[in-house]
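Participant: Based on these hints, arrange chain E on the given structure of chain Y.
Each chain, letter by letter, is given below.
There are 2 protein chains.
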Amino acid sequence: MKIYLDCYPCFLRQALSAARRAGGTEHQQLAVLKNTMVILDGLDTGANPPEIARLVHHAVKQEISSSDPYREAKLESTKQALKMLPEIRRLIDSSKDPMDTAIRLAIAGNIMDLGVVEHFGDLEKTIEKVLKQPFAIDHTEELKSMLSAADHLLYLADNTGETVFDRAFIERLNIPVVYAVRGVPVLNDATVQDAEEAGLHNVADILPNGSDAPGTILELCSDQFNEAFKRAPVIIAKGQGNYESLSDAGSKVFCLLQVKCPVIAEDIGAPVGSIVCRRSAVSSPG
Amino acid sequence: MKIYLDCYPCFLRQALSAARRAGGTEHQQLAVLKNTMVILDGLDTGANPPEIARLVHHAVKQEISSSDPYREAKLESTKQALKMLPEIRRLIDSSKDPMDTAIRLAIAGNIMDLGVVEHFGDLEKTIEKVLKQPFAIDHTEELKSMLSAADHLLYLADNTGETVFDRAFIERLNIPVVYAVRGVPVLNDATVQDAEEAGLHNVADILPNGSDAPGTILELCSDQFNEAFKRAPVIIAKGQGNYESLSDAGSKVFCLLQVKCPVIAEDIGAPVGSIVCRRSAVSSPG
Numbered sequence: 004m005k006i007y008l009d010c011y012p013c014f015l016r017q018a019l020s021a022a023r024r025a026g027g028t029e030h031q032q033l034a035v036l037k038n039t040m041v042i043l044d045g046l047d048t049g050a051n052p053p054e055i056a057r058l059v060h061h062a063v064k065q066e067i068s069s070s071d072p073y074r075e076a077k078l079e080s081t082k083q084a085l086k087m088l089p090e091i092r093r094l095i096d097s098s099k100d101p102m103d104t105a106i107r108l109a110i111a112g113n114i115m116d117l118g119v120v121e122h123f124g125d126l127e128k129t130i131e132k133v134l135k136q137p138f139a140i141d142h143t144e145e146l147k148s149m150l151s152a153a154d155h156l157l158y159l160a161d162n163t164g165e166t167v168f169d170r171a172f173i174e175r176l177n178i179p180v181v182y183a184v185r186g187v188p189v190l191n192d193a194t195v196q197d198a199e200e201a202g203l204h205n206v207a208d209i210l211p212n213g214s215d216a217p218g219t220i221l222e223l224c225s226d227q228f229n230e231a232f233k234r235a236p237v238i239i240a241k242g243q244g245n246y247e248s249l250s251d252a253g254s255k256v257f258c259l260l261q262v263k264c265p266v267i268a269e270d271i272g273a274p275v276g277s278i279v280c281r282r283s284a285v286s287s288p289g
Numbered sequence: 004m005k006i007y008l009d010c011y012p013c014f015l016r017q018a019l020s021a022a023r024r025a026g027g028t029e030h031q032q033l034a035v036l037k038n039t040m041v042i043l044d045g046l047d048t049g050a051n052p053p054e055i056a057r058l059v060h061h062a063v064k065q066e067i068s069s070s071d072p073y074r075e076a077k078l079e080s081t082k083q084a085l086k087m088l089p090e091i092r093r094l095i096d097s098s099k100d101p102m103d104t105a106i107r108l109a110i111a112g113n114i115m116d117l118g119v120v121e122h123f124g125d126l127e128k129t130i131e132k133v134l135k136q137p138f139a140i141d142h143t144e145e146l147k148s149m150l151s152a153a154d155h156l157l158y159l160a161d162n163t164g165e166t167v168f169d170r171a172f173i174e175r176l177n178i179p180v181v182y183a184v185r186g187v188p189v190l191n192d193a194t195v196q197d198a199e200e201a202g203l204h205n206v207a208d209i210l211p212n213g214s215d216a217p218g219t220i221l222e223l224c225s226d227q228f229n230e231a232f233k234r235a236p237v238i239i240a241k242g243q244g245n246y247e248s249l250s251d252a253g254s255k256v257f258c259l260l261q262v263k264c265p266v267i268a269e270d271i272g273a274p275v276g277s278i279v280c281r282r283s284a285v286s287s288p289g
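Quick note, the sequences are listed as chains Y and E, same order.
According to the working numbering, the first sequence is numbered sequentially starting from 4.
According to the working numbering, the second sequence is numbered sequentially starting from 4.
One should not assume that every hint holds.
Heads up, the list lumps identical chains together, so a pair's fine if it works in one copy or across two of them.
Listed below are the simulated SDA-like cross-link pairs for lysine to any residue, each with C-alpha atoms no more than 25 Å apart in a straight line [to be verified]: (1) Lys37 / Asp9; (2) Lys82 / Glu174; (3) Lys5 / Val41; (4) Lys64 / Asp44.
These aren't lab readings, by the way, just hints derived from the structure by calculation.
The structure presented is a predicted model; accordingly, all values stated were derived computationally and were not measured.
Chain Y with its partners taken away, still in its complex shape (with noise of 0.2 Å):
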């Protein structure tokens, strides 16, 4: 996907929380705009949001020697959901459709977004709504045909909390399953270390992408991942940021999300608060 020309305010307000999140003093922050101006000005058109949230986050970091700007919102994130580990997968155990209520939990989770607003929406509240909620693009029986057929599943993760209900989801599947996460923090997007702290160790093979993209920049990854990727019989991809760098990395990657922007709306083709199962095109070699 594209970026869009919505997507550079969008990017200033970002730049601005993350400068804020990672301490930076007012003058700091002020350079943090300056040099995400100088960013977006250079931008080709072609870019993707992944790719140029990569470059905001990076100056932010550098201009307030910050590795983790999201560290102390993450955590509160993780704590958040493993409180309602239980109630999930008590939700999951008891439904008529164990396996449906798991990947609508999977996507509720994925409201756990702190690149799109500074606090994102009331848990329960969210749950409630994605469970009753239909599909705005619904290819879940493709996703479980393949799930059921594969002898593995490569899952992206996207934000960290929203790693504790992809855990029980990864728990009713009977399949080995590699959880990719970010080399590098950016964003509230999960690493290695914020998906051990939600326990994903225990279900799945935690496998650090080596990009600092908070998406799947396939360039940016490390050979190891790329080999994952390849080898892969099916992947699930979540969030917005994965569904912009691999919205059509071929027909085995199923991107999970919560439409919340209105560019990825109009992208996507359904509205913001949508819920989306979509299995990614074939234009391009996945």
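Facilitator: The following block gives chain E in isolation, referenced to the frame of chain Y:
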């Protein structure tokens, strides 16, 4: 009120919105974004938001050769509000405290602001809410007292459509009113034409302020306006833009507004969504 760093992304969003309303091509929209970043990069942090907004909207009009990008939206707003005028009058006439209701409705109309959002909220719901909610800052008694002693009122307009609510308020007064509007179109702020379309010439003398700032920056206003400002025994200033430029313009100025953005909320000390009737500070001469 000085500019806050949060205004930077907001100006970029506003510039893009104005460029689209002006009918700019994608290429022109991008040029507007780039020009806006040049303006933001060169900012004096002591500047106030309407000063910057003025430059930003000037850049839009220059790039796209549009004298009034919000013309269509303004016509629609006036039409929508005029349809409600009988109901607005009825609410005032049937109220136990018609003056209080008229003030509240004038503030309710302030929701018709296209600077902070693309589409303002439901008018009926806003009226219902504003008629009941407590003022976050309440200097209405002082305002009423000054109005009863004054030989005339200078009323500084804000948005088009909101003008109709102002009209209903002015109809309740028994002193002459000078209704000041922007001298040149900017955002959806009311000009002479917009005010006349809302029928304000039937209840007040309409005075253009001679400036194209979406606020009241006295140094940029005409001598005639400044004379009227000096002479007025009491002044009502509607909306965020007038608050931003007149928050310390002296104790004869009363700002009537809805708080619609976090930056104003922080500055004025009242939450987003609250209603305010605030007598300006006297730190600088009014």
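Participant: For every hint, state whether the structure bears it out.
Facilitator: Results of checking the hints against the structure:
| no. | hint | verdict |
| --- | --- | --- |
| 1 | Lys37 / Asp9 | both (18 Å within a copy, 13 Å between copies) |
| 2 | Lys82 / Glu174 | within (19 Å within a copy, 58 Å between copies) |
| 3 | Lys5 / Val41 | both (19 Å within a copy, 24 Å between copies) |
| 4 | Lys64 / Asp44 | both (20 Å within a copy, 20 Å between copies) |
Of the numbered hints given earlier, the model fails none.
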